[in-house]
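> Next come the chains, spelled out residue by residue.
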Amino acid sequence: MKKLLLVAAALLATALPVSAQKLVIKGSDTLGAKLVPMLAEEYKARNPGVSFEIAAEGSTTGIAAITDGTAQIGMSSRRAKTIEISAARAKGVTMKPTIVAYDGVAVIVNQNNALNALTKSQVEKIFTGDITDWSEIGGSPGRISIYTRNTSSGTYSDFKELAMKKRDYAGSAQKLAGNEQIVAEVAKNPNGIGYVGLAYLKEPGIRVVAIDGHSPTKEAVLAKNYPYARPTFYYTNGDPAGEAAKFIQFTLGEEGQKIAEKIGFVPLK
Amino acid sequence: MPPASNDTPTPEQAQKPFRVRKERTRFLGLTLDECIQAFFGGNAFVAVIVLALITVFLFREGSAFFGQNRDNLTIYRRAGLEYVDIIRQQEKDHAALSRYLSAIRLATLRHYLDHEKLPNAEAQKQLVDFDDFATRYGDAIEDLRGLASELGEAAVAIKTRHQINLDAGENRRQLLAAGKPDEAASIRIEEIDFEAELALIKDTLPVYEEIASDLGKTLAEVVANPPALPTPELRARIDRFESLNRDYLATFPSTLERLKTWDHRKPVPLTESFTAFIFGRQWLTASFWQDWYGVLPLLSGSLLVSVIALCLAIPLGVGAAIYINQLASPAEQRLIKPTIEFISAIPSVVLGFFGIAVLGEFLRAASGWSWLSWFPGFPFAERLNALTAGCLLGLIAVPTIFTLAEDAINNVPRSFKEASFALGATRLQTIIRIIVPASLSGIVSAILLGLGRVIGETMVVLLCAGNRIAIPDFSTGLGVVTQPVHTMTGIIAQELGEVARGSVHYRALFVVGLLLFFIALTINFCAQKIVRKYKISVG
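Protein sequence lines, in the order shown, are assigned to chains A and B. Position 25 of the first sequence, counted from 1, bears residue number 1415 in our numbering, the numbering being contiguous throughout. Position 453 of the second sequence, counted from 1, bears residue number 488 in our numbering, the numbering being contiguous throughout.
Check the hints yourself; a few may be wrong.
Simulated coverage check for chain A against chain B, where a stretch passes if three residues somewhere in it have a Cβ under 8 Å from a Cβ of chain B [what the hints assert, rightly or not]: (1) 1417-1424; (2) 1438-1452; (3) 1529-1537; (4) 1541-1550; (5) 1570-1584.
Looking from chain A toward chain B, a few residues come up when the C-beta cut is under 10 Å (computed) [as the list claims (entries may be wrong)]: (6) Lys1565; (7) Glu1633; (8) Glu1651.
Rather than coming from a laboratory, the hints here were simulated on the basis of the structure. Where a beta carbon is used, it is the ideal one built from N, C-alpha and C, also for glycine.
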């Protein structure tokens, strides 16, 4: 009898904190650095009792987390590869993407660099290492310093597909961990060039480059004029359910899209 | 008669043997002393066991890499990517010549801007002929590039189908293991006939021959009329370009020969997988084409920052140790010693942050000072490079070297010093000729342990070394220190978040870890051996 009471008390103690819901969101640095934390704050303000755990270490980690079941939502700035989808299916997980916003990848140079317009072919040649000096494209002489993300970033492989025709980065490219670091280095290096998401264009010290005459603005991306734009996703195991579904609805709704636009993403409409 | 049961002891009972030892309380058959002994001995044993487990774990995870890398290299050959890369190499050599042309253009531009003092627009106008020449030279490769691109797509398609087959096989194995034989049987795996698929690629050889001979003719024509250049040295450079171009055209027959004799059936031995790792000059992952796992760029990066760190830390650490132990007053000793030892307490990530925010900026500004311009490689543009990381690592190594060197100097017997003074030597002579040589083995061991500390440092190099995965360019001599590098520890930290468990990339990172483990083991072994062998025996 005493044992039964003890067991019942233990069960009650573990069941009590159920009212505090926890959403684990892992994945892309592009989404997870600014957008998702701000959405989480807004959502928490409206629905107290929900806590968030957001870890932004790269799109690959988000997709892996959904496959392993360690997160309810996986943020990704690229589509899941077939290998990842089949690995998930082997574990009984169906990867379901939901597009939350469009992100442009903007090419940035130092603000003292006279060039502010490049063609797609010039961008490809610079990042693959075919062109190594600014004077070859009409700038003042100086060796081009290329700053890229590292291999766990979705932006890293997306940029290869969008801008470099799937060729490999130049051997002289320096791999940095996040968008902020790229902005910091390009701002301090007069010969620097790099790529960042649209949310980071207002930082001091950098200048945004127009590609083929189009600047990375919301209108250009929606009209499909700016070439380096891609959708960003939430991945879930099957159709989203429970608290995750409500959060995704909030993101796709009017307030969520307004927050995305304020940060610099391109909303779905 | 029965013995009387009264209180006073009988004479027999008074004869009992006299016990010296006390009856000890025994717990599980051991006395308290033996328990304590077992506790300490057990802890020591557990430490050794944990080390053995770590070694076994590293080996287990890493050794499967060589088999997987061999599969990686085998599919590179069998799907035809090696064939396409032979053609691509020809394209890359042409691109290198184009870059040489660009360098000449840059030198000419410099001449117009600096010597003839023309404005930028005017100088660009003077270069129109040169640009025309360069464009015609560059455009000649378009046909070959188109062919390589088509063949490349075909090869990648074969490789992708092979990969899908592998995934399907794995899927089927997992379903069978989960006990679902019907679903497992429903997964279809179509066998790839590499011979037939590659025939499509190899059949383009006549097309390649034609393109190559056209390319040779066009390049010879273009180079026969070089543009006019203002100074003799620029004209000499164009002449050199002409001879380089001739050499390039001379390689065409051998390339054709290689393509003709290329055989996709040639097997890849396991030793090639090993040498491709140890001597591979390229570490390229997440590529749409082919992944390469060569550790040489990472190893050279690690060694470069370690050498820079030691060059800074040895004079500072050993010098401080000699000063503190032999020359300093007690007040100075009380002040300096704890301060140096405090450096080892600073978290390395804080030092890394300091490096980005303060030291990198300062070094780059310093490289622009005119009185430092004699140093090769100054001024440099990137503030995250081997020099920044090396300075911080040197700072981290100083406390290690200082503490151990000071210990070694302290252990020199006092009689040596007294004998030296008795013979009339000055203080400096005693230090330089007697004490330091006597403690040299300890100092060398301290330096080796400092090296071991520095090679294993991760956070500082991840933040400050620049992360360029390429063998540093030693052609500028000492200027190599201003280049960004990537270390072995940095690559593990940076890429471990991305890899799928059990994939070839995952295991490659473990083998890099294994290599670091061996390097640290060797350094420590040498350090201990040197101390033991050359230790001065007292009396």
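> Does each hint hold? Answer for all of them.
Do the hints match the structure? See the list:
1. Check on the segment 1417-1424 of chain A: 0 of its residues sit with their Cβ under 8 Å from a Cβ of chain B, so the three-residue criterion for coverage is violated.
2. For the segment 1438-1452 of chain A, the stated coverage by chain B holds: 4 residues have a C-beta nearer than 8 Å to a C-beta of that chain, and at least 3 were required.
3. Counting residues of the segment 1529-1537 of chain A whose beta carbon lies closer than 8 Å to any beta carbon of chain B gives 5, which reaches the threshold of three, so the coverage claim holds.
4. Counting residues of the segment 1541-1550 of chain A whose beta-carbon sits less than 8 Å from any beta-carbon of chain B gives 5, enough to reach three: the coverage restraint holds.
5. Given a C-beta distance limit of less than 8 Å, the hint that chain B covers the segment 1570-1584 of chain A holds, as 7 residues qualify and 3 suffice.
6. Because the smallest distance between the Cβ of Lys1565 (chain A) and any Cβ of chain B comes to about 4 Å, under 10 Å, the interface hint for this residue holds.
7. Here the hint on Glu1633 (chain A) is broken, as its CB sits about 26 Å from the closest CB of chain B, past 10 Å.
8. Among the interface hints, the one on Glu1651 (chain A) is violated; its C-beta lies about 30 Å from the nearest C-beta in chain B, farther than the 10 Å criterion.
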